[in-house]
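Q: Protein sequence lines, in the order shown, are assigned to chains X and B.
Under the numbering used here, the first residue of the first sequence carries the number 28, and numbering increases by one thereafter.
Under the numbering used here, the first residue of the second sequence carries the number 2, and numbering increases by one thereafter.
Bear in mind the hints are in silico, worked out from the structure with no lab data behind them.
Incorrect hints may appear among the rest.
Stated by the list, open to error - Heads up, incomplete: computed chain X residues facing chain B, CB under 8 angstroms, no partners named:
#1 Ala71
#2 Val159
#3 Arg185
As the list claims (entries may be wrong) - To list a few chain B residues with every Cβ distance to chain X over 10 angstroms, as calculated:
#4 Val15
#5 Arg114
#6 Glu117
#7 Glu118
#8 Asp140
#9 Gly196
#10 Glu228
#11 Lys272
#12 Pro284
All values reported here derive from a predicted model rather than from experimental measurement.
Beta carbons: idealized from backbone N, C-alpha and C, even for Gly.
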Amino acid sequence: MAPPDLERGFAEFVAARSDALLRSAWLLTGDAGRAEDLLQTALAKAWRRWSAVERADSPEAYVRRVVFTTYVSWWRRRWRAETPSGQLPERPSQGDLASAVAARDAVTRALGRLSRRARAVVVLRYVEDRPVAEVAELLGSTPGAVKVLASRALAALRADPDLLSLVPEGAPA
Amino acid sequence: MTEQDIRRIVLDAVPPLPPPPDRLAAVLRRARQQRVRRASVTAAFAVTLVAAASGLVLAGPGGSPLGVASSGAPSAPSPSPSALVSASAAVSPSAFPSPSPSNHASPSPAAPRTLEERLAAAVRDALQRAATGAQLAGDLRFQESFTDNGEVGAIQLITAAGRTGTITVAARHGDGKETCASEVAAACTQSTGPGGERILSVPATGDGSSDGKPNRALVVIVVRPAEKLLVTVIVDNATEITKFPSATEYGMESTGYTGQLPPLTLAQAKKIALDLAAKVELP
Numbered sequence: 028m029a030p031p032d033l034e035r036g037f038a039e040f041v042a043a044r045s046d047a048l049l050r051s052a053w054l055l056t057g058d059a060g061r062a063e064d065l066l067q068t069a070l071a072k073a074w075r076r077w078s079a080v081e082r083a084d085s086p087e088a089y090v091r092r093v094v095f096t097t098y099v100s101w102w103r104r105r106w107r108a109e110t111p112s113g114q115l116p117e118r119p120s121q122g123d124l125a126s127a128v129a130a131r132d133a134v135t136r137a138l139g140r141l142s143r144r145a146r147a148v149v150v151l152r153y154v155e156d157r158p159v160a161e162v163a164e165l166l167g168s169t170p171g172a173v174k175v176l177a178s179r180a181l182a183a184l185r186a187d188p189d190l191l192s193l194v195p196e197g198a199p200a
Numbered sequence: 002m003t004e005q006d007i008r009r010i011v012l013d014a015v016p017p018l019p020p021p022p023d024r025l026a027a028v029l030r031r032a033r034q035q036r037v038r039r040a041s042v043t044a045a046f047a048v049t050l051v052a053a054a055s056g057l058v059l060a061g062p063g064g065s066p067l068g069v070a071s072s073g074a075p076s077a078p079s080p081s082p083s084a085l086v087s088a089s090a091a092v093s094p095s096a097f098p099s100p101s102p103s104n105h106a107s108p109s110p111a112a113p114r115t116l117e118e119r120l121a122a123a124v125r126d127a128l129q130r131a132a133t134g135a136q137l138a139g140d141l142r143f144q145e146s147f148t149d150n151g152e153v154g155a156i157q158l159i160t161a162a163g164r165t166g167t168i169t170v171a172a173r174h175g176d177g178k179e180t181c182a183s184e185v186a187a188a189c190t191q192s193t194g195p196g197g198e199r200i201l202s203v204p205a206t207g208d209g210s211s212d213g214k215p216n217r218a219l220v221v222i223v224v225r226p227a228e229k230l231l232v233t234v235i236v237d238n239a240t241e242i243t244k245f246p247s248a249t250e251y252g253m254e255s256t257g258y259t260g261q262l263p264p265l266t267l268a269q270a271k272k273i274a275l276d277l278a279a280k281v282e283l284p
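Pulled out of the complex, with its shape left as it was, chain X reads as follows (with noise of 0.2 angstroms):
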């Protein structure tokens, strides 16, 4: 049983930053159902050092590298998972929640695209907009081989269709 107090500041934790987690772990996977499971799968693992983890400098730290380490590694112990899809992508069709719903499988397509450790990057570097050194310390990897890696997605999602569908005429490709 643990004490008290550690599960109450645990219990705050997944309260203060499951939402953030949880958006980062669906850019991950792009399902709501994977996300939640990653996020639970990491919060479990977290929880069971959680009294070390809490002195940290930053608990969240601590479990977004378990997010993103475990979302990297889950395609060994769940390969069959993975299901390559010769599915041409729809455009984006009419109405404000058909768009959404197309956009939405359109970064999703596109991010799927992308190599885990790529899409792992992306998030990352572009989206939770943080530094070189961080995210390749989170992925266990070097700032080098983060750059090269960064770069080349990139380069991917720039020159992506789906993407570039929804950007707005005129705008700079």
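We have chain X; now place chain B onto it with these hints.
A: Okay, now just chain B, sitting in the frame of chain X:
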């Protein structure tokens, strides 16, 4: 398209993500389940040591010793299950007490003691039989992340036939009914092993890549239906593994795919998986 455009587009795409009714309870439940699985693995480790102290040889088919053979050792009383769990919870494998020199024969220093050590020894043995000359880069790195799935699993770099890649081995309990149809939708081949094992194999292309060189992998799952045991062997062409300070901390392949075939053939991976499935005894 600027970095800011990409950031905006990506962030705008995140849908509303309503939380589950009680996320905290779900997380704590998961953590408890993981703890129970860990305790059961450690308890089985204690059983193995008691068996070893009793002079038993835990051997798989073919007579390969999996436990500690200690032929001159006197019998030890079997502890109650609660005593096993209690004792195992208190000590790490490396800190497990040795038999007293005055009453027990000392086990061979090379004899594998823990579940991980037995699996590692079995992997090296199977590897030598299936691929003579194949070399692991070092000791297998057991991954804590496998335990979430109730698995025991490890990873290491391997060189064979002039190619370098990564081998991952894992063992877990399943329902014994796993087939290609239930495990993978396409490209899976199912066959039967010499001991009635069900062999599922699939060449896979992972979604990681570097320098445009694809990640190619061979995945073999051997199912022992009666024991409800699954052994998975994955061989791919990734030549780097992340290096974290702790061997139990999320070791995984990283960059450095060669684009070439994995260092082992499908036949060799099957042979290794069959060999391990014949020997592995999970709690």
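Q: All hints, please: hold or fail.
A: Status of the hints after comparison with the structure:
The beta carbon of Ala71 of chain X comes within 4 angstroms of a beta carbon in chain B, closer than 8 angstroms, and the hint placing it at the interface holds. The criterion of a C-beta within 8 angstroms of any C-beta in chain B is not met by Val159 of chain X, whose closest approach is roughly 13 angstroms, and the hint is violated. Hint status for Arg185 of chain X: holds, given a least beta-carbon distance of 5 angstroms to chain B, under 8 angstroms. The Cβ of Val15 of chain B sits about 5 angstroms from the closest Cβ of chain X, inside the 10 angstroms cut-off, so the non-interface label is violated.
Separation of Arg114 of chain B from chain X is adequate, the least Cβ-Cβ distance of about 24 angstroms exceeding the 10 angstroms criterion. Interface exclusion of Glu117 of chain B from chain X stands, the closest Cβ pair being 17 angstroms apart, more than 10 angstroms. At the 10 angstroms boundary, the C-beta of Glu118 of chain B stays outside the reach of chain X, the nearest C-beta of that chain being 22 angstroms off. For Asp140 of chain B, the requirement that its beta carbon stay farther than 10 angstroms from each beta carbon of chain X is met, with the minimum near 19 angstroms.
No Cβ of chain X comes within 10 angstroms of the Cβ of Gly196 of chain B; the nearest lies about 24 angstroms off, and the non-interface call holds. Look at Glu228 of chain B: its CB is around 21 angstroms from the nearest CB on chain X, clear of 10 angstroms, so calling it non-interface holds up. With a closest Cβ-Cβ approach of about 20 angstroms to chain X, Lys272 of chain B is found to remain outside the 10 angstroms limit, as its non-interface label requires. Pro284 of chain B, annotated as away from the interface, keeps every beta carbon of chain X farther than 10 angstroms; the closest lies near 19 angstroms.
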